[in-house]
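Numbering (numbering that gives the first Met the number 0), first residue to last: 0 to 369.
Quick caveat, the hints were computed from the structure, so don't treat them as lab data. Please read all numbers here as calculations on a predicted model, not as lab measurements. We put the CB at the ideal spot given by N, CA and C, even for glycine. The reader is advised that the hints may include incorrect statements.
Unchecked claim - Cross-link-like lysine to aspartate or glutamate pairs, in silico, EDC-like; alpha carbons within 20 Å at most:
1. K47 x D361
2. K287 x E205
3. K134 x E41
4. K83 x E333
5. K187 x D280
6. K131 x D40
7. K127 x D78
8. K141 x D293
9. K216 x D109
Said to hold, decoys possible - Pairwise CB distance ranges, derived in the manner of DEER restraints:
10. F82 x S233: 53 to 63 Å
11. W328 x I295: 52 to 62 Å
12. N116 x S303: 22 to 32 Å
13. S303 x A173: 21 to 31 Å
14. Y243 x E41: 14 to 24 Å
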Amino acid sequence: MFMKFWTFRLLLAVFTFLPAILFAQGERKDKQAVTYEELYDEPYSINKLFVHFQPLYGELFVTNVNAGYGIEVSYYYQDKADFKAMIRKTYSQKFFDFTRDYASKVSSVDNDTEIFNYYELGGTYHIKDFEKSSKTKMFLYKKSYKGNRWAARVPLHAEIPCKVRIVYGARLGAIFWDSSTDLGRALKEQNLTNADLRNVDPNVTEETYQTLPLQEKVKGQTNLQDVRVFSNISSQGLYVGGSYSWIKNVAVNFDKHEEGIDDLILTAYADILYTPFFTLDDVVYTHKDPVSGDKIPNTTYTYSVSPIKNKQIGFRLGIEGKFNRQLSWAYGGEFGYRPSLTGRSFYALFKISFPVFGTQLDYKVESFGK
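Whenever a hint applies, use it, and build me the whole structure from the sequences.
As structure tokens, this is what we get:
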């Protein structure tokens with residue numbers, strides 16, 4: 000009992016004083032107060048025009064997984080509003096327009112597959128645009144830290160008082176996109192089959208051609224295969240929502256350290272998506288001989304896709320960040336449910352912009368007479 004009591008007291012003392020010992024040993028010699036001079040702190044003096052070149056974006060869109068490149072332009076009109084236009088396209092069928100590439104390999108129908116295209120044009124009205132006091136965290140860096148020395152250390156930072164510009168915005172815009180799509184998966188999601196797609200030719204009387212077949216004989220194959228159905232979809236819609244932006248534009252000059260800059264323009268947004276206009280191409284199919292698998296002449300028919308339902312309303316949540324510099328980079332991401340075929344509307348997007356060119360659009364200089 001006596002030994003257990005002293006063992007307990009010894010362990011208690013170790014756990015009591017060990018953090019203090021470790022803290023004392025871990026105290027950094029370079030952790031000293033720094034002085035600085037403010038160079039500027041002007042969150043309203045940001046560039047008016049930003050041009051983004053996006054070498055890569057990726058989108059996990061259930062209708063069509065895709066990746067590629069894009070261009071984005073944003074313009075700030077005083078403290079009243081800002082506007083944005085963007086376009087995104089895939090690099091090629093194989094990199095990376097998934098449904099289009101898949102259809103080229105396995106499609107049973109005669110429809111040509113559409114390239115994925117995305118266009119967006121909109122603006123944000125600044126309901127409330129104001130400035131308030133805040134702080135920013137700046138890391139302390141010296142040129143002597145470069146290379147492995149910088150990578151191996153935990154950088155010190157200093158909190159600097161600054162101004163932050165807050166913008167509450169109301170968003171409105173238009174979205175257009177088109178793509179190929181796997182109708183087989185859409186039919187399955189809606190508990191339908193190929194047999195629900197009916198021939199639109201009123202002169203067809205043979206029962207075989209009234210509906211799209213479920214299976215077919217493919218030339219060179221021994222067994223029947225499922226009729227794999229692909230089509231093209233296009234969407235023209237609107238979005239309305241709100242945003243919240245933080246804008247900092249401050250720079251300081253530290254003694255014995257490099258300059259510190261915080262010029263981030265960060266925006267979070269939420270939108271309701273509404274698409275009143277959908278176009279889904281009817282399926283064009285040529286029937287095949289049940290024995291040889293050869294296409295039968297004069298049996299190319301169009302089958303209506305009207306039984307397939309679409310979802311007209313969706314939403315998205317997103318965030319975007321860029322820097323107030325003449326040459327920089329930007330990032331963004333969003334996710335939600337984009338209006339599309341029912342059961343095929345979820346998507347998640349990320350995008351990287353580099354380079355991003357920014358300008359004040361102010362080219363006037365003073366002139367004096369001699």
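Verification of the hints:
A distance of roughly 9 Å separates the Cα atoms of K47 and D361; the hinted pair therefore holds under the 20 Å criterion. For a cut-off of 20 Å, the pair hint linking K287 to E205 stands: about 15 Å separates their Cα positions. Between K134 and E41 the CA atoms are separated by roughly 14 Å; this keeps the pair inside 20 Å, and the hint holds. For the proposed pair K83 and E333, the alpha carbon gap of about 16 Å is at most 20 Å, so the pair holds.
The hinted pair formed by K187 and D280 meets the criterion: a straight-line CA distance of about 18 Å does not exceed 20 Å. Straight-line distance between C-alpha atoms of K131 and D40 comes to about 12 Å, which keeps the hinted pair within the 20 Å bound. Taking the CA atoms of K127 and D78, the gap is near 9 Å; set against the 20 Å cutoff, the hint holds. At most 20 Å may separate the alpha-carbon atoms for a hinted pair to count; K141 and D293 exceed this at roughly 74 Å.
A hinted pair counts as satisfied when its Cα atoms are at most 20 Å apart, and K216 with D109 qualifies at roughly 16 Å. At roughly 24 Å, the beta carbons of F82 and S233 sit outside the given window of 53 to 63 Å. Here the CB-CB span from W328 to I295 is close to 57 Å, well matched to the stated 52 to 62 Å. For the pair N116 and S303, the supplied restraint of 22 to 32 Å holds, since their beta-carbon distance comes to about 25 Å.
Between S303 and A173, the C-beta spacing of about 29 Å keeps the proposed range 21 to 31 Å intact. A beta carbon spacing of about 21 Å between Y243 and E41 agrees with the range 14 to 24 Å that was offered as a hint.
The structure fails to meet hints 8 and 10 from the earlier list, while all remaining hints are met.
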